[in-house]
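Q: So in this note's numbering, the last one in the sequence shown is 105, and the numbering has no gaps at all.
Keep in mind the hints are simulated off the structure, nothing from the lab.
Check the hints yourself; a few may be wrong.
[Unchecked claim] The calculated label-pair distances, taken between Cβ atoms and stated as ranges, are:
| # | residue 1 | residue 2 | range |
| --- | --- | --- | --- |
| 1 | ASP70 | GLY49 | 17 to 27 Å |
| 2 | LEU8 | HIS28 | 15 to 25 Å |
| 3 | SER69 | VAL26 | 13 to 23 Å |
| 4 | GLN47 | ASP70 | 11 to 21 Å |
| 5 | SER38 | LEU14 | 35 to 45 Å |
| 6 | PHE48 | ILE71 | 14 to 24 Å |
| 7 | LEU62 | GLN2 | 32 to 42 Å |
| 8 | THR31 | PRO9 | 19 to 29 Å |
| 9 | LEU3 | LEU62 | 33 to 43 Å |
| 10 | ASP13 | ILE39 | 35 to 45 Å |
| 11 | LEU18 | ASP58 | 26 to 36 Å |
[To be verified] Think about it this way: if two alpha-carbon atoms lie no more than 20 Å apart in a straight line, the pair counts; the simulated SDA-like pairs of lysine to any residue are:
| # | residue 1 | residue 2 |
| --- | --- | --- |
| 12 | LYS37 | VAL74 |
| 13 | LYS37 | ALA77 |
| 14 | LYS41 | ASP58 |
| 15 | LYS80 | ARG20 |
| 16 | LYS37 | LEU67 |
| 17 | LYS41 | PRO57 |
| 18 | LYS37 | LEU62 |
| 19 | LYS37 | GLY72 |
| 20 | LYS41 | ASP66 |
| 21 | LYS41 | THR31 |
| 22 | LYS80 | VAL19 |
We put the beta carbon where it would ideally sit given N, CA and C, even for glycine.
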Amino acid sequence: MQLDIANLPSVTDLLQRLVRDIAAAVDHRDTEIERLKSIIKQLQRMQFGRSSEPIDPDQLALGLEDLDSDIGRVEEAQPKLAPETKAPSSPFRHRRTRQNNFCVY
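Make the full structure from the sequences, and use the hints.
A: See the structure below:
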């Protein structure tokens, strides 16, 4: 979902629905991130815990591949914002620099 900041709707109801949709997407993304973090912690405990059995490297690789695919799916599903365009700078704006305690224009 690509969101163009420069072309937002001006109708209040549409803006409120857009904000609710974005908030729901962020909440879903945060939930998914927490789930993935718990999987990572579980795999780390299995691999590096005090009383853990040695985990087979292939089994660890499979778990990490699942995480990579889950992360990719979450990143694709989250809304992407279009980069903001900068307003053209004023030709009358000057940069001031300080040299020897004097302002130079």
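Q: Among all the numbered hints in the text so far, which are the ones the structure does not match?
A: Of the numbered hints, just 11 does not hold.
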